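Chain H is already provided as a structure; the job is to place chain G with the ligands on it using the hints.
Take a look at the letters that make up each chain.
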Amino acid sequence: MVRRLVVVGASHAGVAAATAARDAGAYDEVVVVGAEERAPYQRPPLSKEVLTGAAEPAQLGVLDQVTLHTGMRARGLDPVRRVLVTDAGEVGYDALVIATGARPRTLPAIPEALTLRTYDDARGLGAALAGARRVAVVGAGFIGAEVASAVRSRGGAVTLLEQAPLPLCGLVGEDVAQRLLALHAAHGTSVRVGARVIGARRAAGRVTGVELADGELVAADVVVAALGVAPDTGWLTASGIALDADGAVRCDDRLRTSLPHVLAAGDVARVAGHGCGHVLTATEQGRAAGMNAAGADEAWSPRPFAWSQWYGHRLQLVGRFHGLATPALIARDEDGSLLAVAGEADRLLGVFGLDRPRQVAALRRVVGEPGSWERALEQISPAPAPIPA
Amino acid sequence: MSRIVADHAVCEGIGMCETTAHEMFVVGDDGLVEVLQFEPDDVTLARAAVAACPVSALRLQD
Ligand SMILES: Cc1cc2nc3c(=O)[nH]c(=O)nc-3n(C[C@H](O)[C@H](O)[C@H](O)COP(=O)(O)OP(=O)(O)OC[C@H]3O[C@@H](n4cnc5c(N)ncnc54)[C@H](O)[C@@H]3O)c2cc1C
Ligand code: SF4
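Protein sequence lines, in the order shown, are assigned to chains H and G.
Position in the first sequence (from 1) plus 153 gives the number in the working numbering.
Position in the second sequence (from 1) plus 8 gives the number in the working numbering.
One or more of the hints may lead you astray.
To list a few chain G residues with every Cβ distance to chain H over 12 angstroms, as calculated [what the hints assert, rightly or not]:
1) 9
2) 19
3) 20
4) 31
5) 37
6) 38
7) 43
8) 44
9) 45
10) 55
11) 69
Label-pair ranges, simulated between beta-carbon atoms [said to hold, decoys possible]:
12) G:38 with H:220: 35 to 45 angstroms
13) H:366 with G:10: 22 to 32 angstroms
14) G:31 with H:425: 45 to 55 angstroms
15) H:478 with G:49: 23 to 33 angstroms
16) H:478 with G:31: 39 to 49 angstroms
17) H:465 with G:68: 20 to 30 angstroms
18) H:466 with G:9: 50 to 60 angstroms
19) G:13 with H:351: 26 to 36 angstroms
20) H:347 with G:11: 45 to 55 angstroms
Examples of chain G residues toward chain H, derived with CB under 10 angstroms [claimed, not checked]:
21) 34
22) 35
23) 36
24) 56
25) 58
26) 59
27) 60
28) 61
29) 62
30) 63
It is worth saying that the hints were derived from the structure and are not from the lab.
Computed from a prediction, not measured in an experiment: that's the story for all the values here.
Ideal Cβ positions, reconstructed from N, Cα and C, are used throughout, including at glycine.
The shape of chain H in the complex, shown without the other chains (with noise of 0.2 angstroms):
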């Protein structure tokens, strides 16, 4: 009997499961079954060098013996004679990962606005915003924000329209989230907060505008929706797989699923109450499936980090900001850098920078430790601060 691995998704999680597995030299054969046409590929640049047409994004994962089907989707998973049911067939598993991934949420009251997850979607939003007069972008999140960075980097005029009163104040905290916001005005994008879409104004069949609530219409002939993404496994309904209320596959630690012999990773999954949403979380859990998958008992923690892209300014963020006792402390430089750190206790708990790549990295090193605060306080000196709102 050959031994098989199935992989199923072939993007940041489904590559470092596949090449994980095979390292671990347990199967005698791991397929990838991916959805898309195009080889796998990172899919950062997408929103950044790819939507101005800048390159093309770099292939991912190197595949040897790993056999790859593009062009193959899965619509059933039977648990109890181990099948994978794809388009293209019925194929058998010994052990199977799961890392269809996320796709964005839509924009129920502008049917024609796009969104932006694939290659394909980048080259067309890409050919849309080159033909735009006035661009608006539902979500102002790190996306909608790099979307909007590719227009003006062509000099085209575009709003951000964000529903929460200060966009990315979740994740960075207020202090920063007000400094963004001050970013995307230097840089001649409009931010218009508190505003929620109800529609949009035609003329000829063709977009003009969008419509708020508060009555006010903000001209644009291209409309791209920004607005976060939901799991896709709509094709595991039937399996009887646990998921969560937003549909996305409940693992623990170990990546394992509520199925035998399945287990799942990145932004399809909730991995101990944990959501994914970036490459480096994706291919690390990726990566533990793929081991446990061949036999080893490898535990995923999170590690968050994520990084952006706005106006040629490189943004990182290590950790989180929200809900911590000790307000955001802020060092900030005349060239408009910023290095920003909180805490608990004696504990560095989230960074944030812009355009200190040197300073997150020596402090990320140290996120959660005890004593970390300590090493926070000397990066942040000799001036540190609570900025002013």
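For chain G with the ligands alone, coordinates are given in the frame of chain H:
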């Protein structure tokens, strides 16, 4: 002979390269990748590490 080239302006210090091939890469004290083996013995492993970097800061030159 293949040679590893690292672009420090791009490196985010994420450390995927080190996780993949710790004999070739380490994230240094400045938070940026340091190449330990510029001319890797194991080119396959080097290719895997290069492909693991999520920001394409690494290249393998022929
Ligand atoms: C534009 C953009 C920019 C980003 N920038 C950053 C960044 O700067 N830093 C960062 O850390 N993170 C960033 N992210 C987030 C990061 O890309 C994701 O967290 C990561 O891709 C998750 O990896 P994954 O493998 O879990 O899922 P995905 O990357 O979503 O991959 C899932 C794959 O499974 C396939 N699939 C889905 N359903 C099926 C099926 N039924 N059968 C077969 N295949 C299927 C999909 O087609 C897809 O290829 C960005 C995301 C986007 C969209
Ligand atoms: S994986 Fe890339 S970004 Fe991360 S440390 Fe290595 S070179 Fe730098």
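For each hint, the structure was consulted:
no.	hint	in the structure
1	9	holds, 19 angstroms
2	19	violated, 8 angstroms
3	20	violated, 5 angstroms
4	31	holds, 15 angstroms
5	37	violated, 7 angstroms
6	38	violated, 5 angstroms
7	43	holds, 16 angstroms
8	44	holds, 18 angstroms
9	45	holds, 17 angstroms
10	55	violated, 5 angstroms
11	69	holds, 15 angstroms
12	G:38 with H:220: 35 to 45 angstroms	holds, 41 angstroms
13	H:366 with G:10: 22 to 32 angstroms	violated, 58 angstroms
14	G:31 with H:425: 45 to 55 angstroms	violated, 31 angstroms
15	H:478 with G:49: 23 to 33 angstroms	violated, 51 angstroms
16	H:478 with G:31: 39 to 49 angstroms	holds, 42 angstroms
17	H:465 with G:68: 20 to 30 angstroms	holds, 27 angstroms
18	H:466 with G:9: 50 to 60 angstroms	violated, 38 angstroms
19	G:13 with H:351: 26 to 36 angstroms	violated, 52 angstroms
20	H:347 with G:11: 45 to 55 angstroms	holds, 54 angstroms
21	34	violated, 12 angstroms
22	35	holds, 7 angstroms
23	36	holds, 9 angstroms
24	56	holds, 5 angstroms
25	58	holds, 8 angstroms
26	59	holds, 5 angstroms
27	60	holds, 7 angstroms
28	61	holds, 8 angstroms
29	62	holds, 5 angstroms
30	63	holds, 7 angstroms
Hint check: violations occur at hints 2, 3, 5, 6, 10, 13, 14, 15, 18, 19 and 21; the rest are consistent with the structure.
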